[in-house]
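There are 2 protein chains.
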Amino acid sequence: MASFSPVIERHLFGPGPSNPYPEATAALALPLLGHLDPEFIKIMDETCESLRTVWGTGNARTLPLSATGSAGMEAAFVNTVGPGDVAVIAVNGLFGQRMCDVAGRCGAEVVAVEHEWGQPIDPQRVAEAHPSPKVIAAVHAETSTGVRSDIAALGNLKGEALMITDAVTSIGGIELRADDWGVDVGYAGTQKCLGVAPGLAPFTITDRAFERRIPKPQSWYLDLGLLGGYVGEGKSGGGRTYHHTAPVAMVASLHAGLRRVIDEGLDNVWARHQEAGQILQQGLQEMGLELFAAEGHRLPELTTVKVPDGVDSATVRKILLERHNLEIGGGAGQYASTVWRIGLMGHNARPDAALLVLAALKDALAIAG
Amino acid sequence: MASFSPVIERHLFGPGPSNPYPEATAALALPLLGHLDPEFIKIMDETCESLRTVWGTGNARTLPLSATGSAGMEAAFVNTVGPGDVAVIAVNGLFGQRMCDVAGRCGAEVVAVEHEWGQPIDPQRVAEAHPSPKVIAAVHAETSTGVRSDIAALGNLKGEALMITDAVTSIGGIELRADDWGVDVGYAGTQKCLGVAPGLAPFTITDRAFERRIPKPQSWYLDLGLLGGYVGEGKSGGGRTYHHTAPVAMVASLHAGLRRVIDEGLDNVWARHQEAGQILQQGLQEMGLELFAAEGHRLPELTTVKVPDGVDSATVRKILLERHNLEIGGGAGQYASTVWRIGLMGHNARPDAALLVLAALKDALAIAG
Numbered sequence: 220m221a222s223f224s225p226v227i228e229r230h231l232f233g234p235g236p237s238n239p240y241p242e243a244t245a246a247l248a249l250p251l252l253g254h255l256d257p258e259f260i261k262i263m264d265e266t267c268e269s270l271r272t273v274w275g276t277g278n279a280r281t282l283p284l285s286a287t288g289s290a291g292m293e294a295a296f297v298n299t300v301g302p303g304d305v306a307v308i309a310v311n312g313l314f315g316q317r318m319c320d321v322a323g324r325c326g327a328e329v330v331a332v333e334h335e336w337g338q339p340i341d342p343q344r345v346a347e348a349h350p351s352p353k354v355i356a357a358v359h360a361e362t363s364t365g366v367r368s369d370i371a372a373l374g375n376l377k378g379e380a381l382m383i384t385d386a387v388t389s390i391g392g393i394e395l396r397a398d399d400w401g402v403d404v405g406y407a408g409t410q411k412c413l414g415v416a417p418g419l420a421p422f423t424i425t426d427r428a429f430e431r432r433i434p435k436p437q438s439w440y441l442d443l444g445l446l447g448g449y450v451g452e453g454k455s456g457g458g459r460t461y462h463h464t465a466p467v468a469m470v471a472s473l474h475a476g477l478r479r480v481i482d483e484g485l486d487n488v489w490a491r492h493q494e495a496g497q498i499l500q501q502g503l504q505e506m507g508l509e510l511f512a513a514e515g516h517r518l519p520e521l522t523t524v525k526v527p528d529g530v531d532s533a534t535v536r537k538i539l540l541e542r543h544n545l546e547i548g549g550g551a552g553q554y555a556s557t558v559w560r561i562g563l564m565g566h567n568a569r570p571d572a573a574l575l576v577l578a579a580l581k582d583a584l585a586i587a588g
Numbered sequence: 220m221a222s223f224s225p226v227i228e229r230h231l232f233g234p235g236p237s238n239p240y241p242e243a244t245a246a247l248a249l250p251l252l253g254h255l256d257p258e259f260i261k262i263m264d265e266t267c268e269s270l271r272t273v274w275g276t277g278n279a280r281t282l283p284l285s286a287t288g289s290a291g292m293e294a295a296f297v298n299t300v301g302p303g304d305v306a307v308i309a310v311n312g313l314f315g316q317r318m319c320d321v322a323g324r325c326g327a328e329v330v331a332v333e334h335e336w337g338q339p340i341d342p343q344r345v346a347e348a349h350p351s352p353k354v355i356a357a358v359h360a361e362t363s364t365g366v367r368s369d370i371a372a373l374g375n376l377k378g379e380a381l382m383i384t385d386a387v388t389s390i391g392g393i394e395l396r397a398d399d400w401g402v403d404v405g406y407a408g409t410q411k412c413l414g415v416a417p418g419l420a421p422f423t424i425t426d427r428a429f430e431r432r433i434p435k436p437q438s439w440y441l442d443l444g445l446l447g448g449y450v451g452e453g454k455s456g457g458g459r460t461y462h463h464t465a466p467v468a469m470v471a472s473l474h475a476g477l478r479r480v481i482d483e484g485l486d487n488v489w490a491r492h493q494e495a496g497q498i499l500q501q502g503l504q505e506m507g508l509e510l511f512a513a514e515g516h517r518l519p520e521l522t523t524v525k526v527p528d529g530v531d532s533a534t535v536r537k538i539l540l541e542r543h544n545l546e547i548g549g550g551a552g553q554y555a556s557t558v559w560r561i562g563l564m565g566h567n568a569r570p571d572a573a574l575l576v577l578a579a580l581k582d583a584l585a586i587a588g
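Chains as they are written, first to last, in our numbering: chain D, 220 to 588; chain S, 220 to 588.
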């Protein structure tokens with residue numbers, strides 16, 4: 220009977236989910252509130268307000284969508300592009316590719332601007348790919364390659380286009396300033412640097428983008444015109460209209476995780492990610508391993524490293540999991556077995572976690588070798 | 220600081236969410252597993268298997284979608300209807316209406332078959348509404364009115380059409396036999412009779428419907444062709460393809476809630492809902508209150524009762540919430556302030572809960588009166 224199985228505790232050092240902050244885990248198990256309870260509405264309002272802080276935005280329409288980060292991507296496109304609209308999409312990894320698929324399903328004319336995996340996007344090339352796109356889109360932190368791109372530079376060049384930004388792996392981990400950078404529509408996930416279990420998509424949209432939205436999007440569930448009333452459109456205490464039943468336990472958990480991040484101070488949290496990533500990346504290189512992402516554009520929170528010649532990627536990951544209860548990720552796409560992805564995100568962005576993964580990897584390589 | 224606020228504990232006797240089974244709550248706070256961890260894949264496989272039991276189906280493609288019940292509705296339509304396809308939809312409440320909206324956004328030609336609210340659907344009339352629909356759809360248990368409709372009878376008359384069934388408020392509470400009744404596509408929620416927090420949509424689809432599906436649906440997130448690989452298509456131990464990050468904490472909670480239901484025995488769980496609902500409905504009538512749903516078609520798990528003349532609905536609900544920490548629901552649509560909805564679902568489907576809500580309502584009516 221599974222009820223009597225030992226509890227399994229993992230170090231989640233892959234590309235996400237990461238181990239949540241203890242406050243976020245504890246909040247999951249609080250007594251459940253109704254989704255229209257005044258006490259829950261307070262929690263939702265505070266959550267939206269905290270999300271504004273981590274997004275770096277004053278957007279009234281900032282809310283946790285009731286699905287995972289990938290649904291956030293879908294919400295970004297279904298609300299902004301329809302048949303015939305041009306979407307210029309920077310592709311430098313798996314999630315840029317996915318954006319093209321999602322935008323295409325909205326009927327958009329997709330202009331994909333391809334980049335080598337492991338390199339950041341070239342804002343100039345993206346901005347010049349089409350004279351008058353309705354949207355331009357890029358991934359801030361590519362989870363598939365561990366690369367950071369310069370969203371501020373793209374924002375400077377966007378012109379009349381609406382800029383869509385994927386911040387799934389950057390939010391709560393590295394500098395993110397949606398308003399200063401010109402982000403019109405942004406989506407993220409909870410399970411990486413925010414240190415909360417997966418299940419919600421933090422989302423933000425400017426008034427400018429909202430006014431130019433698709434009036435009746437093909438998705439009812441992700442229709443921002445309907446969802447505004449669900450969260451009171453950022454007006455604390457404002458009227459609510461029933462849209463769907465909020466995932467109350469997940470929202471309570473996000474509320475607690477965000478409070479932890481904001482209490483620590485966003486700058487301090489970013490510095491903690493920076494330090495942990497630096498220890499890890501330096502340590503890996505000292506072990507003779509080669510990093511995958513281009514130098515100068517490496518994410519501290521998600522490190523990609525090449526699997527050494529003659530080493531079987533899966534064997535090492537299996538040893539780490541079974542001997543050390545420690546998860547790291549394989550590579551994405553064509554790099555599935557030649558790259559590892561190591562995340563030190565949210566609660567795991569700590570020097571001790573960096574030292575542990577270095578020591579465990581050394582051990583596993585010795586055993587596998 | 221909210222960290223030092225007293226914990227609020229409510230009796231959730233509205234139309235959902237209900238108070239989860241303690242096992243489901245405890246599972247939320249277990250150490251998080253990675254979404255590709257072999258131990259999590261076991262949990263996912265067992266969850267899909269348990270879902271087959273509560274659906275009454277052998278469908279390989281039975282899984283928890285990573286969003287709330289309303290996204291289950293959207294998944295049902297985006298995968299089965301496209302421009303020009305005819306969708307016959309039985310409407311006897313809010314959720315039938317919503318189906319029309321969702322199907323329309325898929326480009327379907329919607330034939331709505333309207334019924335009076337509070338009455339069950341008329342299967343004959345629905346089946347005769349169009350000679351060759353691609354789908355016919357109906358709500359098994361209308362959350363807006365507390366009415367049960369005869370899905371088996373509609374299944375008998377469906378002909379070549381695919382039958383879509385909304386089981387959000389019936390699953391785990393009353394008899395549901397998807398295979399015996401001819402359900403081709405079914406969706407549900409976790410937060411009502413299954414006794415789990417909101418956030419997932421239990422979903423099932425027959426091979427017949429899967430073969431006739433829209434090859435590339437307008438939604439990437441809800442594309443069943445992609446989601447099959449995500450859960451191994453019902454083949455335990457089968458290959459997994461990464462689609463999106465599963466909401467692991469919610470799936471672990473559903474896993475635990477389903478185990479509780481199945482350990483108790485589905486027949487026993489249905490009988491428990493029946494008994495609690497009977498005590499409540501009899502007690503309400505003994506108090507001189509009038510039930511809203513048509514006699515003979517009343518759901519035991521969700522009771523609708525007319526607000527007595529001269530009583531302010533909101534005042535009574537406020538007294539219940541503030542004095543007794545007890546939530547009941549207002550009415551839906553045009554009945555917002557003239558009907559109450561009282562749910563005894565999942566863990567709350569107990570005689571003591573029925574007696575409590577009767578006593579508390581009597582008290583609140585006396586105070587409000």
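Since the hints were made in silico from the structure, they are not lab data. In this text, all values refer to a predicted model and were calculated from it rather than measured experimentally. Careful: at least some of the hints might be erroneous.
[Said to hold, decoys possible] Here are the computed lysine-lysine pairs in the BS3-like style, where the Cα-Cα straight-line distance is at most 25 Å:
| no. | chain 1 | residue 1 | chain 2 | residue 2 |
| --- | --- | --- | --- | --- |
| 1 | S | K581 | S | K537 |
| 2 | S | K353 | S | K377 |
| 3 | S | K377 | D | K537 |
| 4 | D | K435 | S | K435 |
| 5 | D | K377 | D | K353 |
| 6 | S | K435 | D | K261 |
| 7 | S | K435 | S | K353 |
| 8 | S | K261 | D | K435 |
| 9 | D | K435 | D | K353 |
| 10 | D | K353 | S | K435 |
[Said to hold, decoys possible] Only part of the chain S face toward chain D is listed, based on derived beta-carbon distances under 7 Å:
| no. | residue |
| --- | --- |
| 11 | E228 |
| 12 | L231 |
| 13 | G233 |
| 14 | P250 |
| 15 | G253 |
| 16 | A286 |
| 17 | S289 |
| 18 | A290 |
| 19 | C319 |
| 20 | V321 |
| 21 | D341 |
| 22 | M469 |
Don't be surprised by glycine CBs; every beta carbon is placed ideally from N, CA and C.
query: Going back to the hint list, which numbers does this structure go against?
result: 3, 6, 8, 19, 21
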